[in-house]
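**Student:** The lines below spell out each chain.
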Amino acid sequence: MMSLPEIIFLLVMFLTMVGALITVLSGSIIYALIGLVTTMFGIAGLYLYLNAPFIAMMQILIYVGAISILIAFAIMLAGPHYKRPKEWTTPVKFAVSFIVSIISFIVLFRVVMNAQWMHTKAKAFCITTENIGRVLFDKLMLPFELISLLIVVSIIGSIMLALIAKGEK
Amino acid sequence: MATPIYNNLYIFLFLGLFLLTCGILGLLYRRTIIGMLISIELIMNGAGLNFVAFNRFTSPDNAFGLSFTLFIMGIAAAEAAIAMGIVILIFRRYRHIEGRDIKEMKD
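Those sequence lines, one after another, are chains A and B. Last residue of the first sequence: 171 (this note's numbering), numbering continuous. Last residue of the second sequence: 109 (this note's numbering), numbering continuous.
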């Protein structure tokens, strides 16, 4: 007999896997985006099960709130002037891609499941936001600053790409 | 009482591996660039899930894995912004976004 948290965990896991399959296998790109949003919500639930509520909230804020909206804008900006192609390519290409992914799945599955990870029996406690902030600003200061620099450069770069495409100097 | 199933490292590793495989499949057979971008987001989600799972099960008393998951989110946001700019540029030049015909640099 499974307890209630286990049943909810299985539901969240099912949601994540079904969302990933919808993302990959759906014919329309909008349906793929909706599947991606479903997957991200499922992964936020898994983060809650991993004692990381702050990461779960950041997952919903950044991925569901920002990145999927950005992809939706890209779809809408690139979409309206031509007939949307079906996402299915030739069956041969799909079969080859499927074989490659299945082979990589089997190989990595054997590697991951046969490895001896060092499990600690330490009692898992909830890492608070204060812990994450102390690590970020104490030990990981340089990567933090580099990430902010990367985001600034990428925003300026995307604006410059759009301006160059319009022919403005 | 037995340990619950979510108290196990391997099931999270399996989920991350499943997301990686779905991302590889989509990246290989999608026709449009936006489809490939969505598949890359799947792969990055799997990587973040692996980081948090390893932090939870192998060293639960520090927060390095969680911090690197935040870094992955930042990299994914930057990549999505750049990819949106490139998609708009490609669409204005070619009037479509299929990856097959974009081959000027190859010739």
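Keep in mind that the hints were calculated from the coordinates and are not lab data. Careful, some of the hints might be misleading.
Selected chain B positions facing chain A (in silico; Cβ < 7 Å) [said to hold, decoys possible]:
| # | residue |
| --- | --- |
| 1 | Ile7 |
| 2 | Ile26 |
| 3 | Ala49 |
| 4 | Val54 |
Here are the in silico distance ranges between beta carbons for each label pair [stated by the list, open to error]:
| # | chain 1 | residue 1 | chain 2 | residue 2 | range |
| --- | --- | --- | --- | --- | --- |
| 5 | B | Ile104 | A | Gly159 | 28 to 34 Å |
| 6 | B | Glu100 | A | Ile9 | 26 to 32 Å |
| 7 | A | Met120 | B | Ile104 | 42 to 48 Å |
Footprint (simulated), chain B over chain A, 3 or more residues, beta carbon under 8 Å [what the hints assert, rightly or not]:
| # | stretch |
| --- | --- |
| 8 | 6-19 |
| 9 | 32-46 |
| 10 | 60-74 |
| 11 | 111-120 |
Just so you know, even glycine gets a beta-carbon here, dropped at the ideal spot from N, CA and C.
**Student:** Are there hints from earlier that the structure breaks, and if so, what are their numbers?
**Tutor:** Violated hints (numbers, rising): 3, 5 and 6; every other hint is consistent with the structure.
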